[in-house]
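Let's have the full structure, built from the sequences with the hints guiding it.
Each chain, written out:
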Amino acid sequence: MRTPDSVQHHGRPAAMRSADRLPRLLPAGFAAGSVSLAEHLARYGPAPAGGLNGPRRAALTEEVGRSGLTGRGGAGFPTARKLAAVAAGHAPVVVANGTEGEPASAKDKVLLARSPHLVLDGAVLAAGLVGARQAVIVAHPSVREIVDDAALERRRAGLDAVRIRVVTGADRFVAGEASAVVHWIERGVPTPTATPPRLSQRGLGGRPTLVQNVETLAHLALIGRYGASWFRAVGTAAEPGTMLVTILGAVREPCVHEIAIGTPVGEVLGLAGGASAPLQALLIGGYFGRWVDASEAAAAPLSAAGLAPLGAGVGAGLIAALPDDACGLAETARVARYLADESAGQCGPCLFGLDAVAGEFQRLAEGRTSSLAMLNRWLGQVDGRGACSHPDGVVRLISSARTVFAAELEQHAQGWCCGIRKAGLLPVPPRRQP
Amino acid sequence: MTTGARLRVDPIACDGRGLCAEILPELISLDDWGFPIIRPGAVPGHLEAETGEAIRVCPKLALRLSRD
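Going line by line, the protein sequences match chains L and X. Quick note on numbering: the first sequence equals residues 1 to 434 in this note's numbering. Quick note on numbering: the second sequence equals residues 1001 to 1068 in this note's numbering.
If you're looking for bench data, these hints aren't it; they were derived computationally from the structure. It cannot be assumed that every hint is accurate.
What the hints assert, rightly or not - Computed far set for chain L versus chain X, every beta-carbon distance over 12 Å:
#: 1; residue: Pro-23
#: 2; residue: Pro-192
#: 3; residue: Cys-255
#: 4; residue: Leu-426
Unchecked claim - On the chain X side, residues computed to face chain L include the following (Cβ under 10 Å):
#: 5; residue: Thr-1003
#: 6; residue: Val-1009
#: 7; residue: Asp-1010
#: 8; residue: Pro-1011
#: 9; residue: Cys-1014
#: 10; residue: Asp-1015
#: 11; residue: Gly-1016
#: 12; residue: Leu-1019
#: 13; residue: Glu-1022
#: 14; residue: Asp-1031
#: 15; residue: Asp-1032
#: 16; residue: Trp-1033
#: 17; residue: Gly-1034
#: 18; residue: Leu-1065
Just so you know, even glycine gets a beta-carbon here, dropped at the ideal spot from N, CA and C.
Here is the structure:
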């Protein structure tokens, strides 16, 4: 029987013929620089957005639902549901979120630098699926030029029916939050806004707005071309497809890699050349993620289901490896201070509470007089009390540090630290002048 | 009996003046920095009047009732 999928299979370019071949999103091999439009089309075949009439749009939207694609920006929301919510509104707009304000994460920058056209394909397709005529691409400053060049190349080729506008993302941690991205594009203010209204109802210029992470859009571009079955050929049944991961810390070759979802964490570290020192813990998910014991995590599949028993999640696809001779409490204290400083300063509990939490945790990490009871009280008082989830993320990070580094916490309380290496493994930008 | 509605605060609009907690201590306490913590769940029927008063006196118009 000829299924729609087998039809698509025969039309697939050689490079993409086998569905389980990785990488899908990043160019294969080590050639530096971004992929030109001609190379891009030769590898993947024609862009999927051409001639999207009503029935084709409905069929493709269903195909996205079948693919099981979820957002790759950290929240993991089902893409098809977001598409449907925005498509229901009048005159919507699409925003491709490549802000990547998390200083330890590099996957969105690498994707935009290497495969800008795949992201643009996805943004244009998403626009077609929701009935938008405009797509705004928000690119990290380091890759803005590449995205500009790619957009220009497409305009010259007359490729897209959708107007593409490129905007430089704000280089701040909270700037990547969806409502902050819209706020930034509209008013040049990179801070989250209050909900309601939901962005899917009233976002950019008052229009229903689809904000999708750039990696999500790149996957969408491939689902549009090759279908849901192709997409689901790797990954797990519940969490299909591939994901980009940033691997850093005590590994031989820190890098961004594309993995099948569910690949064991130990194997993922292997893609970065393996551990460069005996490891004690891993920070998984990002600065809003959780610390886990390195040996407990090694066999765990890198997926929401695989990490749940460890209390962790995939987040934005980050793994930071902490070597034995580093101090997890000191590292956490630095990141907590950074995150507290990065509060948008709009919500009292976040502005004052995170500062208090970071200060108390810092004293704890330095073995100075501090109160665990006070820290607990404040963690409870800031959790869930912002307009966005910034305070919740800090609570999560610190809570996991307290569990995983419980023995060290005891030692620090008595005034000594076993860390030999100076804190500084996790990248944190220099403090801003207030 | 409850009103079926929940009291919510817009944390961006809220300035921590604290009038709400004085009027409605049954549902609103203040954190260590003076910002309101609202008791979860629907507003009980017998506190409807005080809840309305708390919403009215907020100088930042940061309180509202929500039915979702």
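At 12 Å, judged by beta carbons, does L:Pro-23 keep clear of chain X as stated? holds, 41 Å
For the hint on X:Gly-1016, does the least C-beta distance to chain L fall short of 10 Å? Holds - the Cβ of X:Gly-1016 comes within 10 Å of chain L, reaching about 5 Å at its closest.
Can we keep the X:Leu-1019 interface hint, with Cβ of chain L closer than 10 Å? violated, 15 Å
Hint check: 10 Å Cβ-Cβ cutoff, X:Glu-1022 to chain L: It is violated, given that the least Cβ distance between X:Glu-1022 and chain L is near 17 Å, above 10 Å.
Restraint check, 10 Å cut-off on beta carbons, for X:Asp-1015 near chain L: holds, 8 Å
Return the status of the interface hint for X:Thr-1003: holds when the least beta-carbon distance to chain L is below 10 Å, violated otherwise. For X:Thr-1003, the interface hint is violated, since the closest Cβ of chain L sits about 19 Å away, which is over 10 Å.
Should the hint that X:Cys-1014 touches chain L count as held when the rule is a Cβ pair under 10 Å? holds, 6 Å
When the nearest CB of chain L is found for X:Pro-1011, is that gap smaller than 10 Å? holds, 4 Å
X:Asp-1031 as an interface hint toward chain L, with CB separation required under 10 Å: Interface hint status for X:Asp-1031: holds (4 Å vs cutoff 10 Å).
Just checking, L:Pro-192 versus chain X, shortest CB gap more than 12 Å? At about 8 Å from chain X, L:Pro-192 fails to clear the 12 Å cut-off, so the statement is violated.
Does X:Leu-1065 pass the interface check with chain L, least Cβ-Cβ distance below 10 Å? violated, 13 Å
Can X:Asp-1010 be said to touch chain L, with a Cβ gap under 10 Å? holds, 5 Å
When held up to the earlier numbered hints, the structure conflicts with 2, 5, 12, 13 and 18 and fits the remainder.
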